[in-house]
Every structure is written in C-alpha cells, then in structure tokens.
Amino acid sequence: MKHLLGLKDTSKEEIENILETARGMQVILDSNIKKAPHLNGKSIVTLFYENSTRTRLSFELASKYLSSASANISASSSSVAKGETLLDTGRTIQRMGTDVIIIRHPMAGAPHLLAKHLNCSIVNAGDGMNEHPTQALLDMYTMLRHKGTLQGLKVVITGDVLHSRVARSNIWGLTKMGAEVVVNGPATMMPVAIEDMGARVEPNIKHAVKDADVIMGLRIQLERQKSGLFPTIREYSKFFSVNEETLSYAAKDCLIMHPGPVNRGVEMTSMLIDGDSSVIEEQVTSGVAVRMAILYILTR
Amino acid sequence: MVFKNIRYVSVNEDKVMDIHLDDGSDKVVDAKNLVAIPGLVDMHCHLRDPGYEYKEDIASGVKAAAKGGFVKIACMPNTKPVIDNSAVVSYIRKKAESLKSVKVYPIGAITKNIEGKELAEIGDMKAHGAVAISDDGNPVMSSSLMKKAMIYAHSFDMPVISHCEDKDLAEDGSMNEGFVSTVLGLRGIPKAAEEAMVAREIILAEYTGLPVHIAHVSTRLAVHMIRDAKKRGVKVTCETCHHYFTLTDETVYGFNTYAKVNPPLREKEDVEAIIEGLKDGTIDAIATDHAPHHEDEKKIEFQLAANGISGFETAFGLSYTYLVRAGHLSLGELVDKMSIRPLEILKIKDEGVNLTIFDPNVKFVVEPEKFVSKGKNSPFGGFELFGEVMYTVVDGRIVYTSDKVKG
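First to last, the protein sequences are chains A and B.
Going left to right, the first sequence walks through residues 661 to 960 as my numbering numbers them.
Going left to right, the second sequence walks through residues 752 to 1158 as my numbering numbers them.
Treat each hint with caution, since some may be false.
[To be verified] Pairs of lysine-lysine residues, derived as DSS-like cross-links and limited to a Cα-Cα distance of at most 25 Å, are as follows:
(1) Lys1049(B) to Lys776(A)
(2) Lys776(A) to Lys1050(B)
(3) Lys668(A) to Lys918(B)
(4) Lys778(B) to Lys918(B)
(5) Lys1121(B) to Lys776(A)
(6) Lys886(A) to Lys918(B)
[Claimed, not checked] Partner residues aside, some chain A positions facing chain B, computed with beta carbon under 7 Å:
(7) Thr745
(8) Asp748
(9) Gly769
(10) His772
(11) Gly788
(12) Met789
(13) Asn790
(14) Arg828
(15) Ala847
(16) Pro851
(17) Val852
(18) Ile854
(19) Ile957
If you are wondering where the hints come from, they were derived from the structure by calculation, not from laboratory data.
Quick reminder that beta carbons are idealized off the backbone N, C-alpha and C, glycines included.
Work out the full structure, taking the sequences as your base and the hints as a guide.
Written out as structure tokens, the structure is:
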C-alpha cells in the first residue's frame, strides 16, 4: 500500500492485513516498554487544517511508539482559502525528507490532491464529509476483538449521517467485510442515494436497532439546528437518542460505540456511554494500535 | 480563394458547389472531403477581459473562437469592472474590432455590478452595441426586479438571458447532488435549484407576455417545463452546452476539478432529456459557456476550484460527434442550433459571407495543453472526435486555417 485515502478504494484483503497487523501492534501498546523499531529512520508529519485532539494525538503517539521522527503542523482553516496552496505546503513538507504526511482537511478530496502530485505516502485523517478511514478501521478492529468476525454483524449507525465521514468510511469498510449496515437519523440528515452505497435506511430508531450487534452514535454538531436540519436538541434526543429502552431491542451483547467527542444526553445517554455495553474508551486504544499498523504498512 | 467541390450544408440545403472568396488570393483548394456550413455563433462565452486577463483576453479568446469555427461570439458581463455601462461595452467592441477576426458582441449586466439590486443602464449599453442582458453566474434573486428588468429591457428590444439558479437552494454545493456527491462527500447542488428558477422565469414570461432566454439548461425537469411552456405559447427560448449532452457527474470521480462547472454535470437521465430536447426543438441553441481559468484555479481542493470549462475548441467537434454522427440530429439541424437560432435570439443581422469549414471524416484527439485559449481547463482531454475545423471565414476573409491544411 502506498496511501490510505479511503476505504472506498481499499480492498478486503488490505483491510484484513491492517486489522491483523494491528493485533501485533496492540501487544507493543499493552507492554511495559512501549517502543519498537518499526518506523526507525522514518519521518512522519501530521498536517491538520481542522481542530482535533484524539486523532492527532493518536497518530503522534503511534508514530513515536514505533520510533519515527514526527512533527505536527496546525494550519488554521482560514489559511485554506488564502495564502499558500495546499499543494505548495505539501511539496515543502515532502522536501524536508518526509515519508508520510497525515492530513486532516475540511474539504473532501484534499488528501487525494496531495497523493496525486507528491511522492510520499498520504494518510487521510478526515477530509470534509468524505472519509475518515483510520476511524472506521479502529471501529472494525474493536468490533472484531469482541465479536470474532465482522461477517454477518448488524451495525446500526445513527445520527448526522449526511455530514459524517465516519459513517461513509464505516459503510465502505463494513459492507466489504460482510457486515450489514443500517443507518438512522433525521431524514434531513440522510444523504441522497445512501442506500446505493450498500447501507439500509431505517428512520425509526427502535426498528433500526432490532437485533443489532453494534450501535454506533455519530456526533451531532449543535449548530446544525440553525440551518434547519432539526428543530431543537430536545426534539432530537426524544426521537433519535440511544437510551436504555432502545438498547433493549438490540441483541443481548450489543456494543455501544461512538467516535467521540460525545454530546452526553444528545446522541446517547450517559448511562449507556458509561455502561457495560460501551466500548467507547476502548476505541481510543484501538485507534493507536490501528494507526501504528497503518504507518508500518505504508513505510515497509 | 476557391474551395472546389465542397459540400455545403445549411438548414434546408445540402449541395456540392464551389465557394469563391473575394479575398485577393487566387489559391484553389480541392475541398471534396470538406463540408462548409453557415458560420458558428456562440451566444454565451466568457472572455475575462477586462480584469481577468491572466485567464483569457479578448485577443486569445478570439483566436480560440476562430479555431473552434466561431464567426460571432457574445460575451458575458462578469468581468472586472462588470459590463454594466457603455464604456466597458465600447472597450470590448473596439478591442475586438481591431483584431479583424471573429465578431464580438458584449452582453451587458441586468443590474449594476451584477449585484441584483438596481438596473444597469440597459438602453445606453444597447446604444453602444450590447446585444442582450444577463447577470450570468449571479442570477437576479428578486422576482420583482427580474420582472421589471424584463419589462424595461423589452422596451429597448433587448433580449434577457437568465442563468437559472436559486442560490438559496444551491446552498454551498460544488457538484450535482446525487449518488456521486454522496460517495465523494461533496455538498450537492440539487437539480431543483436550477428548476425552481426556470419555473419562475417561465411564469414571469407568461405573466408579462415578454420573451426570456434560459441559459445552459442541464436538467430533465427544466427541459420538460420549457417544452410545456412553449406549447402554451410562452415566449421562452433556451440553450444548452456541449458538456450537458456528453458528460455526467461521474466525470467528477477522483475529485476531477476540470469537471467542475455551473450548472454542474448531471446524471444519465438528464443527458438523455437534453438530447431529446435538442431533437424536438425544445432546446433552441447550443452555446459553449467557454469559461477559461488559470491552471492554479483548478489544481486545488475541489470545493475551492473555479467553475467552468474552456469550450471554444471542443464545442463543435463534440456536438458533431455526439449529436450528428450519433444519429440524433441532422447536420442541418445542428447548423440551426449553432449558427442560425443564436443570431435570431440575439437579433443580430446575418451579413456577409461567414462560414465554418470542417473535416467530417478524420478523427482527431482533444489535447487541452495545445488549446490556443489561455484556459486549458477541459475534461475532454483524450476524447476522439470528428468534425475538426479546417477554416473559419468571417466577412469573406479567412481568419483561421488549421495547420493540417496549411502549405
């Protein structure tokens, strides 16, 4: 693999290889001495045009645990529209001997633009509403740890699917791995033709989660109500929040997941977030393991 | 100059003849493999001059138009400054006239600075040679101002051209809303954004009894509404562009910024409806919407990239290949859409000998890097087409000769 731009164009075999490699990385991560030589002599730069805490720290620690030289650049999103072009910034970073650029950008296709014109490897850490492949891979890795297989799992993704790159990457990845994906949320937040991507739309949360093996909430940006996508947070929670009652319709050992950060009481209740079914914190650990695996595979 | 045994095709003519040009040359060309048609007229292009000469200027634009077989072109007012007064109209006309090539007809703005607030000096622009008015790219959102513009412009016999896009419905989309936009995570522009304003213009035309011309029609429902309106006797005319009957939004895959254009490339059912509309006469004309941009405005994030396709040098080849050779239109019908109807809609007198002479049989490959336009922005690179223009004749003078027939 040269780049990781999205799961749309990643094969089932490549996904399996990443998930398998991540298992080995987890051993390093769980050990007392979190240092391995896999990225020794490699240079890795994160280039983030959007705010991020966990994804960025996760990548940074992953690269450091594997002994690479790593650096971080925060570009303000206002510099996207003016000043140096993305391509010029990318070329400058590459010229300093960088092997991998990890980019997060508010616009879909930005990582693809770099990949087309640069020689170093590009990892997409989230581009607009398009994809967030490492998030979907860590989600799948977490599911795999608990369920043993992804084949035949019923995964419900609920919330603002329209604006969600996490949802898109999960739909591509999970359907390739043989899981069934059901999406739920306000009808104004369902992208057109989403079913042609392989997900089934179920507008009623109780019907959606019936016998579900995994329920994944998506972060809702509270300012979306200003653009008329839903009336109030109160009404949103009433009809779309995942709560104890919702969970009772799901399969017995259903996992509760969320890419974070969570709006407690909006996407799901605190009782669920902190409850026995929740693997939300474990997802964070999985993220480091999966990113270690990806960086190793891309630089091998 | 004499073209011996050339096939001449017009709307109701198809004959072999000799064409004599009174241009002082005694050269005789054996033209039995060539076809001559009444010179192409582009009623919708962007020359970028004044203000954006790094994208195109009048000289480079005229040269590209001549290469594309055009004898007359009408340029849109979104220049800097905007063509919203007689001084800019005169500047463009004078600069174009000095080139002694393709005739250039400025289209003035409907409103001052294309801001949609107050009417521009429509009468004065007409007096200085503007042929129509349009706020192309930035449609007049106020329905009452649009109504007044139609009434006022009609009193000066000025055609009104509407770029139909409800900006509110389009929000900040950057491609057609559909499966492809969902897959790519790009915000979509619904077809309804175009259709809602097509509906408004039809209603205003019907209400006032006055004519309106709809620019670059791209959707199935827009074609249906215009067809129905014409049946009712509404004075609505319309154009489409070559990219709306040759490409779909799938061209955007890979975040291809050369396929970013407004209105955006639509879907298969729309392409089929556009072709149907061309066949049954619902769509009167084919325009290029030639929109040259600098490379730096396309080699960026899709959302930031400029809208538009450099179209002069591919429009005829694409139309000839995808409409005539594909069996949808006769060559005479294509001549009607690309040469005759644009003149009628813009009320430009057809004087002198104006011809486009092309090779119908030899395939050529589109190479955008070789365009003479400054704008190399084309999604058609590598397309194999028929109908390459060999000569363009304006007022009896040859203004373009292809390298393939030189010497």
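Each hint, compared with the structure:
{"no.": "1", "hint": "Lys1049(B) to Lys776(A)", "result": "14 Å, holds"}
{"no.": "2", "hint": "Lys776(A) to Lys1050(B)", "result": "10 Å, holds"}
{"no.": "3", "hint": "Lys668(A) to Lys918(B)", "result": "31 Å, violated"}
{"no.": "4", "hint": "Lys778(B) to Lys918(B)", "result": "55 Å, violated"}
{"no.": "5", "hint": "Lys1121(B) to Lys776(A)", "result": "22 Å, holds"}
{"no.": "6", "hint": "Lys886(A) to Lys918(B)", "result": "18 Å, holds"}
{"no.": "7", "hint": "Thr745", "result": "6 Å, holds"}
{"no.": "8", "hint": "Asp748", "result": "10 Å, violated"}
{"no.": "9", "hint": "Gly769", "result": "3 Å, holds"}
{"no.": "10", "hint": "His772", "result": "5 Å, holds"}
{"no.": "11", "hint": "Gly788", "result": "5 Å, holds"}
{"no.": "12", "hint": "Met789", "result": "4 Å, holds"}
{"no.": "13", "hint": "Asn790", "result": "3 Å, holds"}
{"no.": "14", "hint": "Arg828", "result": "6 Å, holds"}
{"no.": "15", "hint": "Ala847", "result": "15 Å, violated"}
{"no.": "16", "hint": "Pro851", "result": "4 Å, holds"}
{"no.": "17", "hint": "Val852", "result": "6 Å, holds"}
{"no.": "18", "hint": "Ile854", "result": "6 Å, holds"}
{"no.": "19", "hint": "Ile957", "result": "23 Å, violated"}
In terms of the numbered hints stated before, the structure departs from hints 3, 4, 8, 15 and 19, listed from lowest to highest.
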